[in-house]
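A.B. asks: First to last, the protein sequences are chains A and B.
Take 13 as the starting number for the first sequence in my numbering and just add one per residue.
Take 13 as the starting number for the second sequence in my numbering and just add one per residue.
To be clear, the hints were calculated from the coordinates, so they are not data collected in a lab.
As the structure is a computational prediction, the values presented were derived from the model and not from experiment.
Misleading hints may appear alongside valid ones.
It does not matter which identical chain is used: a pair holds within one copy or between any two.
Under the rule of at most 16 Å between Cα atoms (straight-line distance), these lysine to aspartate or glutamate pairs were calculated in the EDC-like manner [stated by the list, open to error]:
| hint | residue 1 | residue 2 |
| --- | --- | --- |
| 1 | K177 | D323 |
| 2 | K124 | D390 |
| 3 | K389 | D18 |
There are 2 protein chains.
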Amino acid sequence: MLQEQDLGHWRRTHYSSEISPSIGDSEVVVMGWVASVRDHGNIQFIILKDMHGEVQITAKKGECSEPIFEMAKEVKEHSSIGVRGKVRPQEKAPNGAEVVPSEIRAFSIAKKAAPFMMQGKTSTVGIDTRLDLRAVDLRRNYLGAIFRIRQTVLNSVREFLARQKFIEVNTPKMIATATEGGAALFPIFYYDREAFLAQSPQLYKEQLTMAFESVFEVGPIFRAEPSRTNRHLSEAISIDVERAFVDYNDVMSLLERMIVNIIETIKERNADDLKFLESQLPAVELPFPKYTYSDLIDKLQEAGERIQWGDDISPQVMKSLQDDRLNSFYFIIDWPTSTKPFYVKPGTADGGRVCESFDLMYGALEMSSGSTRINRKDQLVERMSKQGLKPDAFDYHLRVFDYGVPPHAGFGLGLERLMMALTKIENIRDATLYPRDIDRLAP
Amino acid sequence: MLQEQDLGHWRRTHYSSEISPSIGDSEVVVMGWVASVRDHGNIQFIILKDMHGEVQITAKKGECSEPIFEMAKEVKEHSSIGVRGKVRPQEKAPNGAEVVPSEIRAFSIAKKAAPFMMQGKTSTVGIDTRLDLRAVDLRRNYLGAIFRIRQTVLNSVREFLARQKFIEVNTPKMIATATEGGAALFPIFYYDREAFLAQSPQLYKEQLTMAFESVFEVGPIFRAEPSRTNRHLSEAISIDVERAFVDYNDVMSLLERMIVNIIETIKERNADDLKFLESQLPAVELPFPKYTYSDLIDKLQEAGERIQWGDDISPQVMKSLQDDRLNSFYFIIDWPTSTKPFYVKPGTADGGRVCESFDLMYGALEMSSGSTRINRKDQLVERMSKQGLKPDAFDYHLRVFDYGVPPHAGFGLGLERLMMALTKIENIRDATLYPRDIDRLAP
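Take the sequences, apply the hints, and build the full model.
C.D. replies: In structure tokens, the structure reads:
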């Protein structure tokens, strides 16, 4: 009878991907979870899945011992097991080989059937059912492909920025002062004081250009947005980049090259995952199209939209423009100064009516915001006051500007939104392992 | 007169490290901050520092134009400037060359002198003065070396774990339930509910072994410890590793090999920084020494310490053992089950009195804690109850154990403490950019 046993001295000798006819006559030990079982009476097939793929275990009455055959019949999907046995060529099995078991050890027997199907791209149940049992949901092939691609995105970003001489930093997530006004912040009890969770590493990464010139951070950001949409999370991963002695044009160029590099790297390293997803990566060409904010407003007005210069441009509104180039990546540049945070540098023309800023869009989805930053204290104080912020609250930040903060520019790029653009994920929650939103704080 | 100007179309053509006699007669543009100025009357030396090193600017009366010479005289330390000029061989200058300025542009003029010296390993002021102006403090050569080494540590960890087929994950920092009891947690207002900041990714990384087998995370952890010591932070970076189908011996082996790999990588990539620090990396040999908890208690009792089996072993107490091998990295293994969290797997001998656990120490400093984990629901529930935790509060975690959680083991390694061991930093605050503790929430 199949009973749960400890790992003991059992160790895997081969990953599933290594099981092939060339192994010959030596015994192997494979381990993983049971992706499926097929009972053909006198023959029992178990598909065992590990991090590298699948291996077929074939228990045939008369061929393996009676106790082992009986155990094989009892194996249930999702259980974690180890199998000792010999490898035999089998054309129909993954890698052209199967394992004939001489021993089966059940490390953990599944007590229930999963409430959703594990194969296929689409799920048969709603996302909340899946998220309530996320660790099991993540065993689905679809999410495996998504998170392997996510890994490539992060590796590619780090490799690209290292070549550009950036240093990776970590800035504090518990902060005393709201960076961009007080909205959408999560308050914390910090010992005997009030504090907040950081919405972005903005002011820290700017300061760090003083000492390190080119810095980036990959870390969590926290936004208490009470929205229920398919593209907002309360906790997300932001790729934040900041560089000294450059302006917004330079960092736009950096950003678009970074994205092209990400796409090329995924093509190289995730061919199988892309095939499984039946998904084309976005077609990109350098440079990405650039639209000034003012031109877009004109076009939108021509298209009959009731929008005024100074309004935000919403995703819905963008859809009314019939322009194929707006289906992929493009920049909207030179936003009204009044629409952007205090640290964004106003342009020199026209009394600073527009600022040196950009949003990177993918279709109607905002990916990234960036700008040239103000690097002088008096200008910062002036912009803060205009936006109704109290400079006193930013004393620790402002004092740094007495010591020669270099000109600098940067951007923040939302990892989950980028994943949506790259892999056509419909709900941003599937681009993160354990999503957080106004309704969901668990698991 | 020297006046602040925008970056405009100025761009750096060369980093300081690229300024050498071989450049020849073409003009260069260098940028950075002014590390020092020396006024010799008719000759003015400016040491300009960028992310790659230093370059000497030499303005000589009669050789450069009168306005430029006057500007060079006005340049103040810490200001951010750009210099256009020609390169000339100069034996005494960094890289054997200096720049003769034809144009100087001040992007940001320092208004104050820094309250500490920038050169040298030790600072002339207390750490709080430095931390209050951390962005400027980070320009010190000493901290530059520390954070370049930190970068190597993180790169080395990622490269090492990628070779071992680990996937990097990010788990939520806002959680509903205290992982290891309710102590030392920061509470959050999560919309209309109470939530907490995660003390560790423990339960998430364990769950993720179901789908991904081998996972790691590099991310912030939050501990509301009201301690004022040189080795505690309220927010730190943890390197968390978890792997399926292995036990604590396997992950101890992984951890010690990872640390040896880190040390080798620093030797390769940070030779200059090590030279500047005049610091020897720890001498290590595989395997690291292992002491069982019970043996150490015996030794401590022999050494006259009043310590009982079941007590924690404090850093102070460890110092009373005269054993050279205790000055570097070593493991304390097989701790009393009662001293470890509920998810740690009790051993099979002796009714589970000790558990499959380890601490990695460096001298008296704890670096890492790890263990084999329980992978069965009934055992988890039993251990929770024994520790006074309510299994109901862990419903979202426990339900996963109905679906075949594999045997697994892992550890958490404190990045800042590891940096202390590697570079002999005296105060853990200098191993992090912007430290957080009970007294400090800013900058």
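A.B. asks: Does each hint hold? Answer for all of them.
C.D. replies: Each hint tested on the structure:
no., hint, result
1, K177 <-> D323, "neither (38 Å within a copy, 49 Å between copies)"
2, K124 <-> D390, "between (65 Å within a copy, 15 Å between copies)"
3, K389 <-> D18, "between (63 Å within a copy, 14 Å between copies)"
The structure shown violates just one earlier hint, number 1.
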